[in-house]
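Chemist: As a plain string of letters, each chain reads:
2 protein chains.
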Amino acid sequence: MTAVKESSTQNHNKTANQLQCPVTYVMNKLGGHWKPIILYQLLNGSKRYSELRRAIPPITEKMLIQHLKQMEADNLIIRHAEPVVPPFVTYRLSEAGEELKTVLAAMVDWAEKDYQRTGASFEMVDECLN
Amino acid sequence: MTAVKESSTQNHNKTANQLQCPVTYVMNKLGGHWKPIILYQLLNGSKRYSELRRAIPPITEKMLIQHLKQMEADNLIIRHAEPVVPPFVTYRLSEAGEELKTVLAAMVDWAEKDYQRTGASFEMVDECLN
DNA sequence: ATCTACACTTACTTTTGGGTAAGTACTTGT
DNA sequence: ACAAGTACTTACCCAAAAGTAAGTGTAGAT
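Those sequence lines, one after another, are chains A and B. Read in the working numbering, the first sequence has 48 at position 48, and its numbers run on one by one without any break. Read in the working numbering, the second sequence has 107 at position 107, and its numbers run on one by one without any break.
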């Protein structure tokens with residue numbers, strides 16, 4: 001989580017618009033390169049940090065933890081740490097995170113329609129949302 | 001539309017994941033700071049370029065046109081230009097764009113629920129989706 | 001003759017997001 | 001003694017996204 005300068009035009013515009021546009025509000029919580037993919041993984045149930053890392057090979061640890069922390073701060077996921085050594089940490093969807101399933105499902109529907117218009121279709125769809 | 005270097009790790013990861021993840025596929029078409037807001041404006045029907053500009057005060061012309069072009073290339077919106085002077089150009093949702101309404105509606109639903117958990121609620125919602 | 005509106009376009013700078021690579025602390029297995 | 005696995009953290013770099021500010025060409029209004 002790199003520090004964010006609070007007083008920049010970009011930031012100002014962002015927060016200002018967020019107040020008016022629920023779509024932007026959602027996009028800010030779902031956006032970023034990896035969040036959808038991480039969420040994707042958690043839809044099937046809770047996973048350990050290392051399970052997530054292995055499930056998403058191209059992600060770097062920095063990006064994974066960064067987005068996990070952000071989504072935790074946004075109350076989309078819940079972190080549970082067992083006080084043992086070696087550490088045992090799991091992440092799962094919060095209630096708000098679970099409710100996102102409708103949004104994600106709508107996206108998958110649309111993506112399939114749209115993707116078909118241009119050619120092939122997605123393969124991992126069925127196994128990812130349930 | 002700034003030129004994109006085709007061979008970068010970032011780009012490689014992006015396109016690779018897009019093939020597997022329909023959610024990422026959608027996010028790429030909906031993402032970016034302004035696209036949701038522009039879409040928002042077009043949900044109620046077609047609008048002229050200048051109407052959009054005035055409807056979204058903080059957007060710069062560069063950003064507006066850039067995203068309009070991108071969304072046109074993505075077949076989300078349709079540009080119609082009357083060959084008159086001064087120019088008369090309107091933008092409206094394509095069929096694919098219209099179909100996005102389900103996705104956007106799901107987002108708005110979620111945003112309201114989530115926003116209530118933390119305090120107030122959105123005001124522009126009702127007039128924006130119909 | 002200058003101003004405004006229209007729909008853009010261009011060049012340049014800043015901000016942010018993501019990638020690379022290394023290190024931390026503690027423990028179990030070889 | 002050393003490697004491997006756990007869940008992170010840190011510093012540094014680059015590329016993409018967004019912002020700033022100016023210019024283009026035409027035509028009607030003042």
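Heads up, a few of these hints could be off.
Note that the list lumps identical chains together, so a pair holds whenever it fits in one copy or between two copies.
[Said to hold, decoys possible] Each computed SDA-like pair below joins lysine to any residue, with the alpha-carbon atoms no more than 20 Å apart:
(1) K113 <-> N44
(2) K101 <-> M63
(3) K101 <-> P86
(4) K113 <-> N75
(5) K62 <-> W34
(6) K62 <-> E112
(7) K62 <-> R117
(8) K113 <-> I78
(9) K113 <-> P57
(10) K62 <-> T118
(11) K113 <-> T90
(12) K62 <-> T90
(13) K113 <-> N28
(14) K113 <-> Q66
(15) K47 <-> E99
(16) K113 <-> D74
(17) K69 <-> T118
(18) K47 <-> E112
(19) K113 <-> T60
Calculated from the structure, these hints are not laboratory results. All values reported here derive from a predicted model rather than from experimental measurement.
Chemist: How would you classify K113 and N28 at a CA-CA limit of 20 Å: within, between, both, or neither?
Modeler: Only across copies: K113 and N28 sit 16 Å apart there, 25 Å inside one copy, limit 20 Å.
Chemist: How do K113 and I78 come out at 20 Å by Cα distance, when the copy is not named: within, between, both, or neither?
Modeler: For K113 and I78, only the inter-copy Cα distance (18 Å) is at most 20 Å; the intra-copy one is 32 Å.
Chemist: Are the CA atoms of K47 and E99 at most 20 Å apart within a copy, between copies, both, or neither?
Modeler: within (18 Å within a copy, 33 Å between copies)
Chemist: My question is about K101 and M63: at a cut-off of 20 Å on alpha-carbon distance, are they close within one copy, between copies, both, or neither?
Modeler: neither (23 Å within a copy, 31 Å between copies)
Chemist: How would you label the pair K113, D74 (within, between, both, or neither) given a Cα cut-off of 20 Å?
Modeler: For K113 and D74, only the inter-copy Cα distance (13 Å) is at most 20 Å; the intra-copy one is 30 Å.
Chemist: Cα distance capped at 20 Å. Does K62 pair with T90 within a copy, between copies, both, or neither?
Modeler: within (17 Å within a copy, 44 Å between copies)
Chemist: Under a CA distance limit of 20 Å, which applies to K62 and W34: within one copy, between copies, both, or neither?
Modeler: Close inside one copy (11 Å), not across copies (27 Å); limit 20 Å.
Chemist: Check K101 against P86 for me: Cα-Cα at most 20 Å, and say if that holds within a copy, between copies, both or neither.
Modeler: Answer is neither: 32 Å inside a copy and 47 Å across each miss the 20 Å cutoff.
Chemist: Measure nothing new, just compare the shortest in-copy and cross-copy C-alpha distances for K113 and N44 to 20 Å and report within, between, both or neither.
Modeler: neither (23 Å within a copy, 23 Å between copies)
Chemist: Given a CA cutoff of 20 Å, do K47 and E112 count as a within-copy pair, a between-copy pair, both, or neither?
Modeler: The answer is neither: 26 Å in one copy and 28 Å across copies each exceed 20 Å.
Chemist: Given a CA cutoff of 20 Å, do K113 and Q66 count as a within-copy pair, a between-copy pair, both, or neither?
Modeler: Intra 32 Å, inter 25 Å, cutoff 20 Å: neither.
Chemist: Classify it for me, K62 with R117: is the Cα-Cα distance of at most 20 Å met within a copy, between copies, both or neither?
Modeler: neither (36 Å within a copy, 30 Å between copies)
This entry does not satisfy hints 1, 2, 3, 6, 7, 9, 10, 11, 14, 18, 19, going by the numbered hints stated previously.
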